[in-house]
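Sequences and hints are given; from them, build the entire structure.
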Amino acid sequence: MKKVYEKPVIVKVETGFMNKFGESPLYQRKVRTDIDGVSIDELVKKYGSPLFVISEKKLREKYRNIYNAFASRYPNVQFGWSYKTNYLKAVCAVLHQEGAIAEVVSGFEYEKARKLGIEGKDIIFNGPHKRLEDLEIAVKEGAKIHIDHFDEIIDLEKVADKLGKTVKVAIRLNMDTGIRPQWSRFGFNLETGQALDAVKRIAQSGKLILNGLHAHIGTFILDPNAYAKEVEKMVKFAYEIEDNFGFKIEYIDIGGGLPSKNKLKGTYLPPDIAVPPVDEYAEKIIDALYSNLRPGDFPKLILETGRAIVDEAEYLITTVFASKRLPDGRKAYICDAGVNLLFTAFWYKFNVEIDREVYGVNEPSVLYGPLCMNIDIIDDGILLPPLERGTRLIFSPVGAYNNTQWMQFIEYRPNIVMIMEDGTVEVVREREDLTDIERRERLPEKLKIR
Amino acid sequence: MNRLHQLAVNDEGFIFDPLTGESFTVNRTGLFIINRLKEGKKEEEILQGLLDEFNVSKEVAERDLIDFLEKLKSYRII
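Sequence lines, in order, name chains U and L.
For what it's worth, numbering that gives the first Met the number 0 labels the leading residue of the first sequence as 0, then goes sequentially.
For what it's worth, numbering that gives the first Met the number 0 labels the leading residue of the second sequence as 0, then goes sequentially.
Hints were generated in silico from the structure; no laboratory data involved.
Since the model is a prediction, treat every value here as computed from it, not as a measurement.
Yeah, the Cβ is synthetic: ideal placement off N, Cα and C, and Gly gets one too.
There could be a bad hint or two in this list.
[What the hints assert, rightly or not] Partial list, derived from the structure: chain L residues whose beta carbon lies under 7 Å from chain U: (1) T24; (2) F53; (3) D63; (4) K70; (5) S73.
[As the list claims (entries may be wrong)] Dumping the calculated DSS-like pairs for lysine-lysine here, alpha-carbon to alpha-carbon at most 30 Å: (6) L/K57 x U/K2; (7) L/K72 x U/K11; (8) U/K2 x L/K72; (9) U/K1 x L/K72; (10) U/K1 x L/K40.
[Unchecked claim] Quick look at which bits of chain L chain U covers, simulated, 3 or more residues with Cβ under 8 Å: (11) 13-23; (12) 27-40.
What follows is the structure, encoded as structure tokens:
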């Protein structure tokens, strides 16, 4: 009887590289055979590879978990779904059902939210590039407009004149909360007095009514204290405005930036240790609110959490297409999905799971995508057992920014499916074909090949 | 000097190179190939040996053998 075959592996015994977080190879190897009870194999057979898979159940769970962390501590909380993080209709619709209003940052996103059926009054309009025509529509429809710069104040005054009405607006602030690099390109700076100048200008014209403050201090913020600082500064500024200008600040929008359980490249600790739980953020933020608000005053607290809600609810299944040996001895795998679909691979190191048990020693490996670009690397240092062609790898979390920042470069964008709460599978975005790519192209008559 | 021939290889797949002081571990299949290489067997002979000894298709064994030899080259063992 012949012996059971195992792929031949040789590994150099390295000493001096262990650390106290060193994991056993057994734990480094993660197997995932299904998503929400639907087998990986079945999903790929039916919908192809690569394949984005969204879990409706997880999406709702994440929303409720984060929302409740705040709503259980403060009586007036509203979430705005950050469209740019993932504006697939199905994702937005789930979150709107859960109670989120829309937070958009461009005319395009505004149009998208309206088309989905969201009323203007339930849209927060952020962003530095709101064209005059966008502003006019937003004013007519009663959207919450968050002013980014002085030119926008002037534009809004024009719109107010044209429509013959006073317009309720909020201004965007930037400030020092201890986060480096400090985000200073959005809104008016608090410390230099620029924000106060903006309020003066708004008050003088009499065409706009300031009723809200907004700030977005950064992204993937790992220090909850930064938000406490933000809230403290915003509340103090709100009272300064109320006391001196007679406006009532009805809401304070502290933006987004809450992290997901993803691993930023260059960080040492695994996300379960590095990323504080959402309750810690909620605690600090609401504490800061109560310590600074006047008794009986409960302005609406708005959060625009994107990544923390959607990131972990989406997976990308990809297939090992080929393997090769690099000159430095590392194993390289070519997958059918790369940075074209996983734009965030430039900053994050994903969790990689294999669709089956694989026997053999782990060895340092590199995961490449299908592009003819040297930078198409999903992971340049991962320990993997020897993988057969056709093995599926499941990357997660990939729900944030990949379906909005992906690029159509030499490959079609694949199917996206949602596994519904009842276990059925729905295609929420179909795989592209040539007609999608060429629909807007025009070939001049004389260039036609006959 | 051929580095391969002076490697100390034990039955459990632990390999020690007295020249450089480096150590390696190989699995059972890797050990099979290393031992054949030390015996001076050619690639085709080793492939046939794998097919005789293990439950594996020629296609898979051939690909894996090429890959393993590439890896040995990267360690400068062959």
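Tested hints:
1. With its C-beta approaching chain U no nearer than about 5 Å, L/T24 sits inside the 7 Å limit, and its interface hint holds.
2. At its closest, the beta carbon of L/F53 sits 4 Å from a beta carbon of chain U; the interface hint therefore holds under the 7 Å criterion.
3. A hinted interface residue such as L/D63 counts as satisfied when its beta carbon comes closer than 7 Å to some beta carbon of chain U; here the least separation is about 5 Å, so the hint holds.
4. Interface restraint check: L/K70 against chain U, minimum CB-CB distance 6 Å, threshold 7 Å, status holds.
5. About 3 Å separates the beta-carbon of L/S73 from the nearest beta-carbon of chain U, less than 7 Å, and the hint is met.
6. The straight-line distance between the Cα atoms of L/K57 and U/K2 is roughly 15 Å, inside the 30 Å bound, and the hint therefore holds.
7. Taken as a hint, the L/K72 and U/K11 pair is honoured in the structure, with Cα atoms around 13 Å apart against an allowance of 30 Å.
8. Of the supplied pair hints, the one linking U/K2 and L/K72 holds, its CA atoms being roughly 27 Å apart against a limit of 30 Å.
9. As the CA atoms of U/K1 and L/K72 are separated by approximately 29 Å, the hinted pair is consistent with the 30 Å bound.
10. For a cut-off of 30 Å, the pair hint linking U/K1 to L/K40 stands: about 21 Å separates their Cα positions.
11. Check result for the stretch 13-23 of chain L against chain U: holds, 4 residues qualifying (beta carbon to beta carbon below 8 Å, three or more required).
12. A stretch counts as covered by a chain when three or more of its residues have a beta carbon under 8 Å from one of that chain; for the stretch 27-40 of chain L and chain U the count is 6, and the coverage holds.
In summary, the structure agrees with every hint in the numbered list given earlier.
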